[in-house]
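Protein chains: 2
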Amino acid sequence: MANEKKAVIVGAGLVGALWSVFLAKRGYTVDVYERRSDFRQAGYIGGRSINLALSERGWKAVEIAGIREKIEQVAIPMPGRMMHGLDSSLTYQPYGHEGQAIYSVSRGGLNIELVKIADEMENVRFHFNQACLGVDLENNTARFQDTRTGAEHAIESDLIFGTDGAFSPVRQSLQKLPRFNYSQQYIDYGYKELCIPANADGSHQMDTGALHIWPRGQFMLIALPNVDGSFTCTLFLAFDGEISFETLKKDEQVTAFFEKYFPDVIPLMPTFLEDFKQNPTSALHTVRCNPWHYRSKVLLIGDAAHAIVPFFGQGMNCGFEDCTILDSLMDKYEEHWPSIIEEFNANRPEDANAIADLALLNFIEMRDKVADPKFLLWKKVEKHLAEKFPNEFQSVYSMVSFSHVPYSQALAAVAQQEDLFHRMLQIKDLESNWTGPEVERVFREWLAG
Amino acid sequence: MANEKKAVIVGAGLVGALWSVFLAKRGYTVDVYERRSDFRQAGYIGGRSINLALSERGWKAVEIAGIREKIEQVAIPMPGRMMHGLDSSLTYQPYGHEGQAIYSVSRGGLNIELVKIADEMENVRFHFNQACLGVDLENNTARFQDTRTGAEHAIESDLIFGTDGAFSPVRQSLQKLPRFNYSQQYIDYGYKELCIPANADGSHQMDTGALHIWPRGQFMLIALPNVDGSFTCTLFLAFDGEISFETLKKDEQVTAFFEKYFPDVIPLMPTFLEDFKQNPTSALHTVRCNPWHYRSKVLLIGDAAHAIVPFFGQGMNCGFEDCTILDSLMDKYEEHWPSIIEEFNANRPEDANAIADLALLNFIEMRDKVADPKFLLWKKVEKHLAEKFPNEFQSVYSMVSFSHVPYSQALAAVAQQEDLFHRMLQIKDLESNWTGPEVERVFREWLAG
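Chains as they are written, first to last, in our numbering: chain P, 1 to 449; chain C, 1 to 449.
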């Protein structure tokens, strides 16, 4: 039996590296194949990264894997968002109640940490520079090409996990199966990485206790803190149209754009023009597919199964939650993989679809609504309701980021809570009465409805 | 200039063959490459066909191509649907008004006819046994492999049309482009071709003036007449579940299924058991993608751009309408392809998405609703309204099948007309008053709303 506890993982990204720890802890011998060269030595290729926001679902997985303490060292708490107005005004809005936060983590830093942790386990082996060419489904064989020598080789395994990301070669093999449902949908917006460097003394130039947002209606800039004193910034902007990457080709255009929309950022970002020109403009898309598996031999998890846009900060958290759920199914079915995979594929895609939808919705919230006083007032009411009626009310944001409620349940709550919001807006002088009895009355009425 | 009027068409199916006629009539030299061997000699591979229903949009294209008369010889008018009850009762319901019909055409017969017509034109050349391996987009080059010799060759052309169907290799090349949106969604139902042969004297065993339906709620059988006296039948049934292809594995199961649900069919279909076992069970899916083109060099039309399920009988009609629309854009822009393709891709995908949705909706209508007396009553009211208020009312079915109204407009009318249906159902004794003043009053009220 011990002999049979073997698995191949394709992709040593965040989910692949974490999943190798889960399997290794259960006694599996795990071989992880990764296209890139070993980023512990080579460094993580930068220039197109968006910082990650680790939240409750992610922490739970990290904790089960037994590596919470190590990850805490590279994570910076962000208990709220800080909105930067056009007039350089600052507005702070907490994400949850006292003590709750999401955590800024650099993708490269976290990935390196996870690979280090996994590689210290004696039953995990990493194989870098191995580009997956596909999986021969009938023969449980993954094919790889060494990116340095060009040599091809094949690995047979009864358990192959595709954690090879949004453009997954493993998924492409599944796609050739009859009746495979698949969708890839791009949004009309791209993103570009920028940087706010540390002060000369290594300290941060802005408050680290927040995710900074410059909401500008149809576009936005965000900044998340790093442990080295810098902030990783991301500009989200339409590819085409009046204000778009298409119309920011010349130096003067880029400078004028920053001067007009982000005047307070320019002094913090001395190399914004160089970075803008040098860093690529990347696209954002959603991937949905079904089934996620071939029999009980091959299973997609993480972005390979369900890539989403980054606006709810849930891509990694959702992938990590895949690991948590599979782990609990391994208990439930005593590692009987046909049952584990059947139940996983019966339930999990609905939640992955839900967070995909929520992430698309949250883009509008981040780039536009957070600048609306009504929205900020609603956030205050929400917080008040959640504190006063903790058993009866939880905001959608909180369900997603601070709970383990299925994403599909959070998605279902969106329309209900929007209805509550509109009812609350009918209250006279809500601005000064947002903890008053009228708020409670409307809430009770809504709850009963 | 004459030298430049050259085009390559990948796929000699219905749309590819028709489109070659359109282009040849305008003086283009057209090379059509087809994976299959020449079906004029080899015959059309049968066993997985669903008869086609040529309707107004298809006829228009056929007429512009100048081949209406030839196609009329292989088309049988079906002015209505004939519902076969479980008790062998027959219910007839006309599709439109007097003189309107959809036309049963066998796919193989029509395809052969179209290739013959095109091949008689001196500037069209067909190349059979040429499997497309993909298109090199940057170099406007389509690559083919001869299926007999294995030899590969490449053809360069400034204009390459992908009419290579739902599994289009040309589309697969477009799919590698950044920001390509793509979706393939299978329904849970499969289909199987069956046959009602001609009588010994060559006559039909059933009325040829109708599309025959055996609606059974969750599944259905249909039959469309052929010119040789036979009917091509199609059984649509779930792949899995209580009553499904999965549960019809043994002879006794198949026989019992037919005896229970299609008792009146058995005497007409002497080889139903053999056909059921011999013919494959095929899957049905919808393909949506965007863009349909690469610059002004490569363009997808027909199923390659928008494969749909067959329940509205519009797959071919929609592909033929692509040809009509492109033809009118060739007039509008004097054959300036960048403008033609830009406008086509700006407008046509919305209509293709609409007919995809309408086709999915119509499955429920065909397999279930047509057996509901309320639905049949509504169809009578619809017909009455369309006759009495021809400028104010047109049924969705009629918009789709008997008009050139954009499909997106027909889709928008679905919810509106459902609302009218529910209002009409409130009328007392509608069964006996469906031409009465109350119907007119409700209609006027709805119209004003």
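There may be inaccurate statements among the hints.
What the hints assert, rightly or not - On the chain P side, residues computed to face chain C include the following (Cβ under 10 Å):
(1) Q185
(2) Y186
(3) D188
(4) Q278
(5) N279
(6) A283
(7) H285
The set of hints was computed from the structure by calculation and includes no laboratory data. Computed from a predicted model, the values in this text were never measured in an experiment. Beta carbons: idealized from backbone N, C-alpha and C, even for Gly.
Right, here's what the structure says about each hint:
no.	hint	in the structure
1	Q185	holds (5 Å)
2	Y186	holds (4 Å)
3	D188	holds (9 Å)
4	Q278	violated (19 Å)
5	N279	violated (16 Å)
6	A283	holds (5 Å)
7	H285	holds (8 Å)
Violated hints, listed in ascending order, are 4, 5; each of the other numbered hints is respected by the structure.
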